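J.: Residue numbers (my numbering), protein chains in the order written: chain A, 1 to 326; chain B, 1 to 202.
I should point out that these hints are in silico values taken from the structure, not numbers from a laboratory. Since this is a predicted model, take the numbers as computed values, not measurements. Watch out, some of these pointers could steer you wrong.
Unchecked claim - In silico BS3-like links for lysine-lysine, alpha-carbon gap of 30 Å or less: (1) B:K135 with A:K57; (2) B:K135 with A:K229; (3) A:K69 with A:K229; (4) B:K168 with A:K69; (5) A:K57 with A:K229; (6) A:K69 with B:K135; (7) A:K57 with A:K69; (8) A:K246 with A:K229; (9) B:K135 with B:K168.
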Amino acid sequence: MDTAPRTALLPEKGARVMPRSLRFSIFWRSLFLQAAWNYGRMQNLGFAFAMLPVLRKEWHGAELSAAVKRHLEHFNTQPFMAGFALGLSARLEQEASASLPEHREAVFERMRLLKGAVGTASAAIGDRLFWGTLRPLSLVVAIAIWWLGGLAVHHPLWFKSAMSAVGGSAGEQPLWHCSLAGYSCPPCDIFGFGNINLMYGWRVVIAGLVAGLLLYNVFALWVRWRAIKYGYDCAGSSACGIELVKWQWLIRRMRIIGFTLAICVAAFAGIALFTEGIAVGRHALLMKYLLAPVMFTAALYARRRGIACVYLYVAGIAAAAALYFI
Amino acid sequence: MISYLVFCAAGALLKLDSTYIAQFLISRPVFVGALLGMLFGDFCAGVQLGLFAEMLVLDHVPVGGHVPPASIIWTVSALAMKIFMGVPVAWAFFGGFLLGISFPRIEEKLRHVRSGWNERAEAEVMENPEGAVVKWMLLGPAMQAGAYFVFISLGAWLVGTGVLAAVKYSPVFVASGVTVAYWAVPWIGFSSLIGNLSPRRV
């Protein structure tokens with residue numbers, strides 16, 4: 001909430017806008033926001049580093065040193081959302097430098113409070129969006145592409161029909177053949193089914209990984225870039241950042257898509273396990289009908305109870321070792 | 001030896017992306033495993049180790065001061081054991097796991113050390129504001145990269161040696177247990193994916 005009065009501008013300085021070059025300079029520096037993360041003041045050094053282009057434009061000499069020191073105070077937020085606080089601080093630093101000297105302290109105090117408030121608010125959104133949703137979503141998209149790629153390679157009739165429907169060509173050569181200076185790239189039995197029909201060529205694997213990375217980074221970089229200008233333009237409002245996107249709506253939609261994909265991926269894996277089997281030698285049947293479903297269900301239960309999965313790994317090893325004697 | 005050190009150095013540099021630089025998430029275990037596996041001759045093991053490690057740490061979110069298990073160190077060291085020491089992949093996975101859950105203590109110590117930089121940075125800023133900030137900003141990633149490199153190279157070698165001895169001398173039922181437990185990991189991972197993406201968690 002904007003409670004402080006606006007300060008008067010010096011007659012020789014007027015309202016300023018952020019040039020694109022300055023915005024880009026803040027943007028690339030914001031990539032190093034956590035370069036010196038510490039428990040004392042968290043992202044303070046990174047924040048000051050990102051603010052340097054603005055500060056050197058507005059202040060000189062002892063005022064520049066004081067300005068940098070101002071931004072060495074405690075600051076922490078989700079790294080991709082830091083642009084809101086950076087843009088906001090840039091705007092207020094410009095406002096302060098254009099103000100009468102006796103009014104500057106009020107602007108600095110306002111900046112300190114708003115920076116903290118915006119950082120906290122955007123962190124709550126960013127943690128849920130990027131760490132809690134986009135990160136697992138990009139992984140499940142990669143796995144889904146692997147399943148589809150595996151189908152395309154090993155069930156060519158299906159793939160050829162689909163491709164001819166869209167006017168493409170499936171090709172004849174299996175996708176895992178490659179010749180990179182003599183390096184052979186055998187198909188990957190990633191999930192241990194041991195069946196040629198469930199192996200993935202390296203191109204399919206790379207395609208999945210790249211798709212997941214692109215999904216994550218296109219959105220993350222857009223938020224990083226857009227947030228700086230948005231923070232600058234919101235003119236000191238403490239709700240800065242909340243209105244850029246309908247965050248809750250976006251998170252929910254992403255989760256619905258991701259959840260659906262995760263269910264499909266897990267279901268496909270389950271079908272593959274029960275129809276194709278698993279290559280673990282002596283205990284293939286036990287793995288198939290007992291251990292895999294039990295571990296899957298136990299993990300769901302453990303998460304609800306807040307039990308760390310590490311205990312499941314230990315339990316899994318112990319159970320598997322004990323089963324040897326059966 | 002040179003390849004091993006280059007491998008560890010590459011892993012250490014890629015790990016910087018997880019927190020300290022850019023965070024493009026090329027430091028994700030599955031991507032690091034795939035990249036290093038492709039460059040050093042075992043693409044599939046790299047993908048598998050990275051994927052399994054990533055699936056298991058999905059619940060750990062790096063919020064505030066929380067330091068999750070070092071899944072990249074887990075993947076890189078496991079892959080190093082597999083490629084350079086010939087450790088079977090299942091054993092390498094659990095060997096890497098030991099290193100992955102050990103490193104957060106070191107990470108916390110390094111973060112505490114950097115807390116002491118704040119007062120020195122403030123003092124230096126009064127003399128040379130830009131130079132002081134840039135200096136501490138360069139030292140942070142350099143310190144981390146050095147710690148990652150030393151931990152991965154020494155840790156993978158030490159743990160790998162121990163794991164090889166365990167492979168050689170452990171009873172057959174233990175070896176069987178480790179293998180089966182390894183193949184159970186993706187099922188924990190699928191469950192974790194579903195739980196993490198549940199719309200009810202919004």
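J.: All the hints need checking, so say for each whether the structure fits it.
T.: Against the structure, the hints:
1. B:K135 with A:K57: Since the Cα atoms of K135 (chain B) and K57 (chain A) sit roughly 20 Å apart, the hinted pair holds (cutoff 30 Å).
2. B:K135 with A:K229: Distance of about 28 Å is within 30 Å: holds.
3. A:K69 with A:K229: 24 Å, holds
4. B:K168 with A:K69: 59 Å, violated
5. A:K57 with A:K229: Answer holds: K57 (chain A) to K229 (chain A) is near 17 Å, not above 30 Å.
6. A:K69 with B:K135: 15 Å, holds
7. A:K57 with A:K69: 16 Å, holds
8. A:K246 with A:K229: Roughly 18 Å between the alpha carbons, so the hint for K246 (chain A) and K229 (chain A) holds.
9. B:K135 with B:K168: Distance ~49 Å between K135 (chain B) and K168 (chain B) Cα, so the pair is violated.
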